[in-house]
Structures are given as C-alpha cells and as structure tokens.
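If you want the building blocks of each chain, they are given just below.
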Amino acid sequence: MADVRRPRPTAEQLGRRRTLSAPAKAGALVRLLLDRFPGLASTIWTDDDTVEVQIDGAGNVALLGDLRDDPELHFWFLADAAAVDYGVGERFEVVYHLYSDLHPAWLRVRARVDRADPHIPTITGLWEGANFHEREMYDMMGILFDGNRDLRRIFMSPDYRSFPQRRDFLLPDDAADSQAAGVNPLERPETWDLTRLEESRAPGVMAGAGDEP
Amino acid sequence: MALEVPERAGAGAAGAEADRIVIADQSGSDELLREFGMEEHPRGGFHGLLEVIPTRADIILDLIRSNSLWPLLSGLSCCAIEMMSTATSKNDIDRFGMFPFRASPRQADVLIVAGTLTTKMAGPLVRLWEQMPEPKWCVAMGTCTTSGGRFKRSYSVVQGVDRVMPVDVYVPGCPPRPEGLIYGMMKLHELVKQRRGEWPTYVDRGPQRSNWEGDVR
Amino acid sequence: MTSELRIPDPLELEAAEEGRLRAVAGLPPLKRGGGEYAGFESVGLPDRPPQTEREREVYTLDEGEMLVNMGPQHPSTHGVMRLVIKVRGEVVIDIDPVLGYLHRGIEKLCENATYTTVMTYVDPMDYLSAMHNEHAPAIAFEKLFGIKAPPRAEYIRALVVELNRVFSHGLMMGFLALDMGGLTPILYSFINRDDVVDMLSAISGQRMLFNFFRVGGVNFDTNDEFMSRLGTWRAGVLKTIEMSERILTDNEIFRGRTVGMGVLSGAQAIALGVTGPSLRASGVPFDVRKAHPYSIYPELEFDVITQAGGDVYSRYLQRVAELKQSIHLIDQIVDKMPHGPVQAQVPGIIRPRPGRAYAAVESPRGLYSVYAISDGGPNPYRFRMRDPSFVSLQALPKLMPGRLIADTMAVMASFDPVMGGVDK
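So the sequence lines, in the order shown, correspond to chains S, Z and B. Here the first sequence is numbered in the working numbering, starting from 1 and rising by one per residue. Here the second sequence is numbered in the working numbering, starting from 214 and rising by one per residue. Here the third sequence is numbered in the working numbering, starting from 431 and rising by one per residue.
Please note that the accuracy of each hint is not assured.
[As the list claims (entries may be wrong)] The following residues of chain Z were derived to be distant from chain S, with all beta-carbon distances above 10 angstroms:
{"id": "1", "residue": "ASP305"}
{"id": "2", "residue": "ARG315"}
{"id": "3", "residue": "THR332"}
{"id": "4", "residue": "TRP342"}
[Stated by the list, open to error] Once the Cα atoms are required to be at most 16 angstroms apart in a straight line, the calculated EDC-like pairs of lysine to aspartate or glutamate come out as:
{"id": "5", "chain 1": "Z", "residue 1": "LYS303", "chain 2": "B", "residue 2": "ASP625"}
{"id": "6", "chain 1": "B", "residue 1": "LYS720", "chain 2": "B", "residue 2": "GLU731"}
{"id": "7", "chain 1": "B", "residue 1": "LYS766", "chain 2": "B", "residue 2": "GLU731"}
{"id": "8", "chain 1": "Z", "residue 1": "LYS365", "chain 2": "B", "residue 2": "GLU541"}
{"id": "9", "chain 1": "B", "residue 1": "LYS828", "chain 2": "B", "residue 2": "ASP526"}
{"id": "10", "chain 1": "B", "residue 1": "LYS828", "chain 2": "S", "residue 2": "GLU128"}
{"id": "11", "chain 1": "B", "residue 1": "LYS720", "chain 2": "S", "residue 2": "ASP49"}
{"id": "12", "chain 1": "B", "residue 1": "LYS578", "chain 2": "S", "residue 2": "ASP48"}
It should be emphasised that the hints constitute simulated quantities derived from the structure, not laboratory data. The model shown is predicted, which means the values in this text are computed figures rather than measured ones. Cβ coordinates follow ideal geometry from the N, Cα and C atoms, glycine included.
Hey, can you work out the whole structure from these sequences and the hints?
Pasting the structure below:
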C-alpha cells in the first residue's frame with residue numbers, strides 16, 4: 001500500500017525503457033544493485049523473493065567479493081553454488097545464491113562458462129566452504145575452477161572418465177528393455193524353482209490355514 | 214530345478230543321485246527333527262569337501278547357529294536406520310540372538326546388506342563378504358539390494374547385490390518394516406537349520422558383462 | 431649353503447595373481463607407480479603421485495606419521511564415508527574425507543522424471559529428515575507452477591516437518607552418545623523415533639521415506655489414528671527426552687569428552703558454509719525460518735536460539751533446545767490449524783512455466799535448498815539440491831588437527847551428517 005502514496009521514479013529517470021516492476025520487497029535491493037553495478041542493468045530480473053543477475057564467468061570473484069564486502073549489500077552467506085548445462089552447443093552456467101540480512105530477497109548470480117573450454121575462477125578465496133561445491137561441479141559437469149587447491153573427483157571414483165550431469169550423458173532406458181535384462185536369474189521366470197514355492201509360508205503357519213479369507 | 218554342483222572327481226548324475234539317497238536315508242521321519250522344524254531338505258546339505266553325513270551333533274550345531282546369528286554392522290543407507298530400529302527396544306531382534314552387531318567381519322555370521330549398493334562401494338562390500346569366515350549368510354534388505362529399487366536407471370547403483378555376492382534371503386520393502394526384516398530373519402533361520410545356504414553352492418559366474426552401456430556392475 | 435625361507439608379501443601375491451589373470455585374458459600388464467607412494471594401497475589409495483595441492487599436503491608423510499583408513503564400513507552410524515587420517519601416534523595431523531560411496535545420481539534421475547516422481551527420488555537423500563527433503567522441492571515447484579497450497583496443507587506440512595525435526599534431533603542425541611560408547615541413549619532415541627514414525631505412517635502410509643508432499647499441498651489429510659497417536663505422544667515426549675538428557679547433559683564423562691572439543695568460531699563457520707544448529711551453536715543467529723520465512727512460520731512465535739560455545743557440547747545443547755522448541759511449535763500448529771482442503775485444485779495435466787525457482791528450508795542439519803529450472807516440459811530441466819551435511823563436512827579437517835582419533839567420531843557426530851544427503 002505504501003507505493004500508492006510514494007512518488008515512483010519514471011522509466012526515463014531510471015534510464016530504462018520499461019517500468020521496473022519490482023515489488024516493494026526487492027525494490028530497494030534492485031535499486032542498490034543498479035547503483036553500484038550499472039553494467040548489470042540489462043540482465044537484472046526479479047520476482048517475489050529472488051533477484052537475479054547474469055555475468056560472464058571471469059568476473060565472478062570481483063562481483064561476489066564486492067557483494068560480500070559492501071556494507072549496504074552485505075551478502076555474507078553463500079547458500080549454494082550450482083552448475084547448469086544448457087545443451088551440447090550451448091554454454092554452462094555456474095549459479096551462486098547469496099543471502100543478506102539487510103535485504104529480504106535471495107540474490108542469484110549466474111556466471112556464464114564456455115562449454116568448449118570450461119574455466120572459471122574459484123571463489124574459495126572468499127568462502128572456503130565453496131570447495132566441496134566446486135569439486136562436485138567438476139565431478140558432475142567437468143567445469144574447471146582455476147585456483148582451487150583441491151580439484152579432484154568427489155563422488156565418482158578417481159579414474160571415472162565421464163561427467164554424468166551433462167546433457168549428453170544419457171541414462172539408459174528402462175532396464176527391462178535393455179540388453180542386460182535377464183542377466184540376473186531372478187529376472188528370468190524359467191529359472192525359478194517352483195517346487196520350493198510351498199516353503200514360502202511363514203514358519204509355524206499350518207499348510208492350508210489362511211487360504212480362505 | 215537344476216542344482217549346480219561343483220565338479221568332483223567321479224561325480225555326475227550318478228554322484229548327485231547318490232547324495233540324495235544318502236541324505237534321504239538319514240533324515241527319514243525323525244520326530245525330533247520335525248519338532249524343531251529341521252527336516253532335512255532333499256536337496257539341502259553341503260557338497261564337495263564340506264559334505265558331512267548329518268549326525269545329532271550337527272543338528273544341535275545348526276540349531277545353535279541359527280539362534281545366534283551375529284550380523285555385521287553394514288548399514289549403507291536408509292534401510293540401515295530401519296535395521297537399527299529392528300535392533301532397538303520396540304522391535305527387538307536381541308530375542309533372536311542377534312543383538313551384537315559386530316564391527317569386524319571376522320566375527321560376523323550374516324551380512325545384512327541394508328541400503329543402496331553403489332559401484333564405488335561394491336569393492337569394499339565384496340571385500341567384507343570375503344573376509345567373513347564360513348558359514349556365512351547374506352540377507353538383501355530392501356529393494357535397492359534386491360534389484361536396484363527406485364534407482365533402477367542410475368549410472369552408479371549396482372542393480373541388485375546378487376550381482377556381486379550370493380544372497381540367501383531377499384526382504385522387499387523401501388524400507389522394509391522392522392516386522393518384515395524379522396520375517397526375513399525367520400526365513401534365514403529355516404535356511405540355517407536346513408543347511409540351505411547359497412554360499413557353498415554359489416557358482417561365481419564372473420562379472421556379468423553385457424553390451425548395455427548403462428549397466429554398472 | 432643356507433637356504434632362505436622367503437615368505438611372500440601378500441600384496442606381491444595379489445600383484446602376481448593379477449598379472450597371471452591379465453596374461454590369460456590377453457591384456458597388457460598394469461604399470462605400477464612404485465616409489466614413495468607404493469605402500470598406499472593398504473589405505474585404498476592408488477600408488478600414483480598426488481594430483482592436487484591438497485592431496486599432496488595430506489598424503490606426504492613426515493617422520494613418524496602414518497595414514498590410517500577409517501573405512502567405508504565402520505561402527506559409527508553416519509553411513510558410508512571414508513576418512514583417511516594422517517596420524518602421528520594417536521594424534522591426528524590431517525583428515526581427508528573420501529565421499530561418494532552412496533552416490534546414487536539422484537539429480538540426474540530427477541531430470542528424467544515427472545514433477546510428482548521427483549518427490550520419491552528426493553526422499554532417500556537425507557533419509558532422517560525426509561519431510562524436509564520434500565518440502566523444498568514442493569515450494570520450488572509451486573513457484574514454477576504458480577500454485578499456492580491451501581492453508582490447511584501448509585499447517586499440516588509444518589506439523590510433519592516439525593515432527594521430523596523432533597525425532598531427527600532425538601536421534602542425534604543417541605548417535606552422539608553411541609559414537610562415544612554410550613549405548614543407552616540410542617535406545618531412548620529409537621523408542622521416541624518409533625512412536626513418531628508410527629504416527630507419521632498413520633498420516634502418510636510410510637515409516638521413513640514418506641512421499642507425502644505434492645505440488646500444491648499434501649497427499650492425505652489427518653485422520654483419527656494420527657490425531658490420537660499425536661495426543662498420546664505429546665503427553666509423554668518431554669519425559670522421554672528428559673531420560674536421555676538425564677544421562678548425558680550433566681554427565682562428567684560426556685562433558686569431559688565434549689566441552690572444549692571441536693570449537694568452531696562463528697566466522698569460520700560462515701566461511702565454511704556450515705548452517706543449522708551447528709552454526710547457531712557458534713553464536714550466529716541464522717535460521718532460515720526467520721531469515722527467509724516460508725510456509726506458515728511468520729505466524730508462529732519462536733525465537734532463534736544460539737549458544738556461545740561453538741564446541742561439541744554446545745552443538746548438543748543447541749539441538750536439545752531446538753527439539754523442545756519444535757515441541758512448542760507443534761503445540762502452536764495444532765492449536766491454529768484451520769479446516770479446509772489439503773490439495774490445491776489444479777487441472778489434471780498442468781505444465782509449469784519456463785523459469786527458475788529457488789527454495790530453501792531449515793532442515794535439522796541446516797539450510798536445505800532446491801534450485802529448479804523448468805523449460806515448460808513435463809520434467810524439470812535441472813534439479814539441484816544443496817545438502818547441508820555435504821557442506822558441513824568441510825569443517826571436519828579444520829577442527830581435528832591436534833586431537834586424538836577417538837575425538838574424530840565425537841566431532842563428526844556433533845555435525846550430525848547423513849551420508850545419503852552428502853552423497854546424493
């Protein structure tokens with residue numbers, strides 16, 4: 001209700017073609033970000049409770065460091081670091097989610113990484129806890145983090161050669177239709193020993209009891 | 214129906230017949246055996262070097278074995294919590310003699326594989342199984358160990374623990390209720406008393422390789 | 431002429447057998463690294479030089495140091511994790527946790543599953559708090575679908591989530607004592623857990639991996655059995671918790687092993703990404719239910735509890751306090767629960783809008799969040815879960831140097847990791 005009385009800046013004043021439709025919750029944060037980082041103006045997006053910006057991978061340490069150290073932004077907590085694969089000809093993205101106690105919205109930073117040569121600087125200098133996240137992103141997607149002291153596989157064996165979460169790593173279809181169906185004798189009814197069927201009763205139950213309801 | 218018998222010198226169909234006849238003579242209609250629920254199964258018994266003609270001492274030994282099967286502490290994932298729930302006060306398998314979950318495989322009788330087996334863990338689990346001294350039994354608890362379960366298409370889950378070791382009892386469920394696991398242990402008691410374990414007659418078919426690129430051993 | 435009796439080395443025998451088998455199979459023989467890393471197969475390491483700086487740091491042994499393998503199967507009940515501990519005598523110099531023994535590829539499976547099936551895949555991640563595992567995807571998918579759950583569904587969600595938190599913290603009390611050798615509190619924890627879990631099975635049909643949440647609400651409404659079990663349980667729960675507390679909280683041995691052990695400062699915890707009770711026990715008042723409120727938590731009255739110590743004992747006290755706070759929350763929820771439907775009215779076939787959604791909930795281990803990307807199709811395009819135990823494990827190598835091996839288990843248990851969540 002407050003925005004009905006308060007004069008809102010016009011589109012021209014903001015330097016944008018369309019009106020900023022940020023709800024009052026995230027509005028202050030959006031204005032601050034536009035203030036500090038004018039280069040982000042073309043990529044900023046927001047809905048109820050998340051503000052999102054997109055950058056190129058090489059600038060992630062600079063931006064995240066500024067977001068953390070600026071006293072008015074104060075994004076002191078890295079909630080999540082995830083990797084997204086957009087397809088074989090497309091890019092990777094490393095997505096960081098940050099939390100600040102001064103702003104009621106999550107901040108999502110999407111950093112573009114080239115798929116052919118996936119290098120991005122590490123943020124373990126800012127938050128040491130990003131080490132495991134980066135190891136997981138390397139293990140699952142194959143993104144290399146320059147400067148990470150411990151970039152080795154974390155989930156798969158050290159000699160595993162694929163990157164499972166990439167879009168071109170396909171899971172097999174239902175195992176029953178595959179060439180390996182029936183390798184297990186339990187999956188082949190002709191190997192079942194039906195003479196042992198009557199022994200499947202619970203011990204102590206008399207034969208014939210419980211056959212009728 | 215074919216029971217796979219490891220090769221013995223001079224064995225063949227005649228040898229198998231001879232085993233069956235010998236064992237049937239021994240068990241007969243013994244009332245003591247029937248009372249304990251331990252009638253000799255016509256196909257049961259050990260083979261090869263382990264074959265012994267059952268005597269009263271062996272029957273008592275089997276009874277003792279079945280009532281004090283000590284499991285190995287090998288909880289892998291969610292089924293392990295239900296296994297622990299079976300072991301604690303409300304559903305107590307201490308009354309069946311299974312209270313000490315041994316930490317060392319050298320002292321354990323039964324390996325309850327509780328939880329999803331992944332390809333990275335398959336090596337250590339098979340090593341644990343091989344370190345257990347005989348006689349030993351294996352219970353596949355939960356659907357992940359029976360057949361891969363809810364992770365049927367996963368790239369890193371072994372589709373059933375019977376691909377890597379012989380399994381005696383399969384307990385379905387995700388996770389099986391403690392009552393279900395107790396029922397499985399009752400079936401295992403039957404197997405122990407009737408000497409119907411899988412491990413002596415287990416024929417290692419080797420790594421079951423296939424051309425399926427998604428198949429994980 | 432003396433004849434030497436040469437006892438073959440077991441590792442040599444294995445290598446010879448492997449060579450023979452490879453020759454039979456027609457494969458070329460394996461090359462071994464040899465040299466200073468040749469003995470590391472006993473701790474499960476390949477005998478090659480370390481690949482990264484940190485590996486070099488851990489696996490380079492000085493005079494008197496030794497690598498001990500706390501293998502994937504060990505009596506501590508957190509699941510399958512391997513710790514390679516570098517010790518000098520009994521004193522720990524460094525720890526390298528090796529994960530992945532329970533990696534089931536859940537994120538990849540979710541990309542090939544419908545939005546409803548995702549609920550069954552995320553359950554076995556952090557299997558001790560399965561309701562929280564489902565709550566975060568439910569919120570994220572509701573943002574993508576543009577659906578809001580009805581108020582009664584939100585209250586039921588909060589109720590089962592707090593019940594889950596109660597028994598999860600109760601289990602932590604038991605596991606902490608069990609890892610240090612006390613065998614009684616675990617029995618009390620499991621008695622409490624069995625009561626709660628039977629109650630939850632009355633409402634959801636399952637004891638452990640509940641599959642209870644749906645996009646737009648929950649699956650079933652409360653029924654008579656659930657409410658009667660809830661009443662009986664509420665009457666007796668504080669006494670059950672007090673039985674465990676009486677054994678542990680003022681126990682001289684327990685305090686001697688936990689006070690001053692594994693002290694994690696607030697700044698260090700934030701840098702490492704530790705969240706949840708472990709972070710609040712270090713003094714940082716960060717609780718997702720207050721920081722970024724979701725569901726009906728704005729309508730409930732509760733404070734953020736913190737402790738000052740940051741050691742194992744503080745983390746234990748923090749979880750006990752939060753357990754009791756959850757019981758008060760359950761009382762409030764039951765008082766305020768409205769009537770109404772438990773699932774939003776949506777058309778039979780509904781597709782989400784293309785977009786991104788992030789949802790975070792407070793699980794008993796910390797901040798559990800889901801980042802979901804939808805491309806408008808029936809499956810999520812990318813489904814990413816951030817598990818709190820995974821990130822909290824990084825604190826272990828920072829806290830252990832200088833302590834004894836037996837303290838490793840106490841410090842580990844105080845972070846209450848669940849390997850299903852760590853390895854996904």
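Quiz item: CA of LYS720 (chain B) to CA of ASP49 (chain S), is that 16 angstroms or under?
Solution: holds, 14 angstroms
Quiz prompt | Cβ separation check - ASP305 (chain Z) to all of chain S, threshold 10 angstroms | solution = Nearest chain S Cβ is 19 angstroms from ASP305 (chain Z), so the label holds.
Quiz item: Are all beta-carbon distances from TRP342 (chain Z) to chain S longer than 10 angstroms?
Solution: holds, 18 angstroms
Quiz item: Are LYS365 (chain Z) and GLU541 (chain B) close enough, with their CA atoms no more than 16 angstroms apart?
Solution: holds, 14 angstroms
Quiz prompt | Pairwise hint evaluation, ASP526 (chain B) against LYS828 (chain B), where the allowed Cα distance is 16 angstroms at most | solution = Distance ~10 angstroms between LYS828 (chain B) and ASP526 (chain B) Cα, so the pair holds.
Quiz prompt | Pair hint outcome, LYS303 (chain Z) versus ASP625 (chain B) [Cα-Cα no greater than 16 angstroms] | solution = Answer holds: LYS303 (chain Z) to ASP625 (chain B) is near 9 angstroms, not above 16 angstroms.
Quiz prompt | No chain S beta carbon within 10 angstroms of ARG315 (chain Z)'s | solution = Given a closest Cβ separation of 25 angstroms, the condition holds.
Quiz item: Given the hint that LYS578 (chain B) pairs with ASP48 (chain S), does the C-alpha gap stay at or below 16 angstroms?
Solution: Holds: LYS578 (chain B) and ASP48 (chain S) sit about 13 angstroms apart, inside 16 angstroms.
Self-check item: Pair hint outcome, LYS828 (chain B) versus GLU128 (chain S) [Cα-Cα no greater than 16 angstroms]
Solution: holds, 11 angstroms
Self-check item: Given pair status - GLU731 (chain B), LYS720 (chain B), alpha carbons within 16 angstroms
Solution: Since the Cα atoms of LYS720 (chain B) and GLU731 (chain B) sit roughly 10 angstroms apart, the hinted pair holds (cutoff 16 angstroms).
Quiz prompt | Distal placement of THR332 (chain Z) relative to chain S, Cβ over 10 angstroms | solution = Label violated. Min Cβ-Cβ 8 angstroms, cutoff 10 angstroms.
Quiz prompt | Holds or violated: LYS766 (chain B) to GLU731 (chain B), with C-alpha atoms at most 16 angstroms apart | solution = Holds. LYS766 (chain B) to GLU731 (chain B) sits at ~12 angstroms (cutoff 16 angstroms).
When held up to the earlier numbered hints, the structure conflicts with hint 3 and nothing else.
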